[in-house]
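S.K.: Chain residues, written in single-letter form:
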Amino acid sequence: MDILVFVKRVAATQEEELRLIDDGKNIDLSKIPFKMNDWDNYAVEEAVKIVEGQGGSVTAISIGSAESDEVLRRAIAMGSKDGILMETQEAIHDPALRAQAIYNFLKKEDIKFDAIFTGVQSEDDQFAATGGILAGKMDLPYASMVIGIDAIENGYFVLRRELEGGLQERIKIKAPCILSIQSGINEPRYVSIMGIRKASKVERKTFKFNDFASRGDAIIDLIKWSYPEKKGGATMLTGEMDEICKEILEILKKKGVC
Amino acid sequence: MSYALIISEVRRGVFEERNLDSIGMAHLAGKDAFLLIPEGNYNLNNSIVNKIIKAKLEESLFLNPLIITELISKIIGTLGAPEIVIFTHSSSGIELASYLAGKMSLPIITDVSGYDRNEQIFFKSYYSDKVFGQFKKAKESPLVITVRSGSFKDHVTEKGKNAEEITVDGPSGIEERSFVEYVEEEKTGVDITKAEFLLSLGRGIGNKDEIPKFEELANLMKATISGSRPVIDKQWLPKERQVGTSGKTVKPKVYLAMGISGAFQHIAGMKDSECIIAVNKDPEAPIFQYAHYGIVADANKIRDKLKDLLQG
Numbered sequence: 001m002d003i004l005v006f007v008k009r010v011a012a013t014q015e016e017e018l019r020l021i022d023d024g025k026n027i028d029l030s031k032i033p034f035k036m037n038d039w040d041n042y043a044v045e046e047a048v049k050i051v052e053g054q055g056g057s058v059t060a061i062s063i064g065s066a067e068s069d070e071v072l073r074r075a076i077a078m079g080s081k082d083g084i085l086m087e088t089q090e091a092i093h094d095p096a097l098r099a100q101a102i103y104n105f106l107k108k109e110d111i112k113f114d115a116i117f118t119g120v121q122s123e124d125d126q127f128a129a130t131g132g133i134l135a136g137k138m139d140l141p142y143a144s145m146v147i148g149i150d151a152i153e154n155g156y157f158v159l160r161r162e163l164e165g166g167l168q169e170r171i172k173i174k175a176p177c178i179l180s181i182q183s184g185i186n187e188p189r190y191v192s193i194m195g196i197r198k199a200s201k202v203e204r205k206t207f208k209f210n211d212f213a214s215r216g217d218a219i220i221d222l223i224k225w226s227y228p229e230k231k232g233g234a235t236m237l238t239g240e241m242d243e244i245c246k247e248i249l250e251i252l253k254k255k256g257v258c
Numbered sequence: 001m002s003y004a005l006i007i008s009e010v011r012r013g014v015f016e017e018r019n020l021d022s023i024g025m026a027h028l029a030g031k032d033a034f035l036l037i038p039e040g041n042y043n044l045n046n047s048i049v050n051k052i053i054k055a056k057l058e059e060s061l062f063l064n065p066l067i068i069t070e071l072i073s074k075i076i077g078t079l080g081a082p083e084i085v086i087f088t089h090s091s092s093g094i095e096l097a098s099y100l101a102g103k104m105s106l107p108i109i110t111d112v113s114g115y116d117r118n119e120q121i122f123f124k125s126y127y128s129d130k131v132f133g134q135f136k137k138a139k140e141s142p143l144v145i146t147v148r149s150g151s152f153k154d155h156v157t158e159k160g161k162n163a164e165e166i167t168v169d170g171p172s173g174i175e176e177r178s179f180v181e182y183v184e185e186e187k188t189g190v191d192i193t194k195a196e197f198l199l200s201l202g203r204g205i206g207n208k209d210e211i212p213k214f215e216e217l218a219n220l221m222k223a224t225i226s227g228s229r230p231v232i233d234k235q236w237l238p239k240e241r242q243v244g245t246s247g248k249t250v251k252p253k254v255y256l257a258m259g260i261s262g263a264f265q266h267i268a269g270m271k272d273s274e275c276i277i278a279v280n281k282d283p284e285a286p287i288f289q290y291a292h293y294g295i296v297a298d299a300n301k302i303r304d305k306l307k308d309l310l311q312g
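In the order they appear, the protein sequences are chains A and B.
So the first sequence is numbered by the numbering used here: it starts at 1 and just counts up by one.
So the second sequence is numbered by the numbering used here: it starts at 1 and just counts up by one.
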């Protein structure tokens, strides 16, 4: 089975404070480390596992700046056969534009596949839409929130989708299809620095994003960003570590739990 | 006529409460609310929408991207194109909305949690609520959106009369994608929803090796350990310990969150706790907006200090 997996390089902002600049037209990411989008890491692992089991190949594809080569090398180190970069220096804020470029690319370059995997969403824009839009455009069956692939038989995936509150649904979906993979579906393998270095020797092709779609094709506009509305907010405990912890224990005592 | 088409989310006979946010969004935008729902007996107040469109098919067929798209094509054929198509921002909502948008080349904005009616601007989360993007459609066409649970239900108003009902025929099923069965999560010993005091751990604790040290603290404080999605995904803690929309909703007396930044899906699962204490390195972490007490610090250092104090 030949699987295309889309991987994105994103800012790792969990522990970082984000600053808006240029009157909210930009986010200052200059001091923030980048990494492979978490969900894509699970998607690559799932694709590689399938191919290790039944043969075929995994090709990692990324849309982004030249630095996105990092995430392609990581995907190769995890077991992808090769990598493709659709290079653009400009950030893309419309998932429909992203999907349109992918659609045109796959057609024009005549890329063959049995399945396309994406992560459910990316950590930066959280749209959770590119895979579904692409499936709609390509007229391929689609499933998102895939939390387990139970079997691949007679040209069908039997898989489980994560719903809410611990519930899942099992569905059957016909290949070729597009699946958006949910985090937690597997345990992504460890990748060493050596592995990533070795991956540099594997071919990565580069295409120009603009040859397949242009920014003018976007059908939504990002006007600007803003900070979330402040709600009441917490009473902040400050001071020495010792005092803070004593205060925490006081609160627990008052609540009668400790 | 300018109307909003609302795709209701129904599962195992239940009309999900988050559908009210979709209806509220339609009301806020000043559109007539047309609700698409499969035939069946659902607990729905039919005076809060203008029209109910009943799809003649089984419920298990309804929330399928390929089938929903076919139903919506039929509705557009009869009633004309809606101004906006509204889904819930849920597992099925995002799947259906994105597929529809691709199939019909419609603009889409997901996880909408705010709307400026004058400017027609939609607000959506970036980076787990650290900032919000303000979006507009850039094409004259119906817009597809998914709305965040809890964001718009306060805008629902009664119409003073019952909705008109019409029906639309649905397909009997399709081969490309079919529903097999629901699968329930395994039941095990621990039930975090019963705990009075949860010590909840997030990715900020760093790595799996820190877990035993938090277990020691939990023993000293008589707390039960729970965690946020990343910690469960990384298998640092078992799934039954997960707090959030895809895990458990909890309301303990005290929720002590360590190294949790507070993604919306997590907040939804713990915001009704009686007392929330949050420890996080980032002073702007969204969880501080919901916590009663906040501490900007390294969760592991706070843990060690608390242990020292408790051990005397």
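Among the hints, a few may not be true.
Quick look at which bits of chain A chain B covers, simulated, 3 or more residues with Cβ under 8 Å [unchecked claim]:
1. 11–17
2. 54–62
3. 75–81
4. 123–132
5. 161–175
6. 221–227
Honestly, the hints are just simulated from the structure, not real lab data.
Note that CB positions come from ideal geometry on N, CA and C, so glycine has one too.
S.K.: If a hint holds in the structure, say so; if it does not, say that too.
M.R.: Comparing the hints with the structure gives:
1. With 6 residues having a beta carbon nearer than 8 Å to a beta carbon of chain B, the segment 11–17 of chain A meets the requirement of three or more and the stated coverage holds.
2. Note: the segment 54–62 of chain A has 0 residues with beta-carbon separation from chain B under 8 Å; the three-residue rule is not met and the coverage is violated.
3. Three residues within the 8 Å Cβ limit are the bar, and the segment 75–81 of chain A against chain B gives 0, so the coverage statement is violated.
4. Residues of the segment 123–132 of chain A lying with their CB closer than 8 Å to a CB of chain B number 10, which satisfies the three-residue condition for coverage.
5. Only residues whose beta carbon comes within less than 8 Å of a beta carbon in chain B count, and the segment 161–175 of chain A has 14; three or more means the coverage holds.
6. Only residues whose C-beta sits within less than 8 Å of a C-beta in chain B count toward coverage, and the segment 221–227 of chain A has 7 of them, enough to reach three; the restraint holds.
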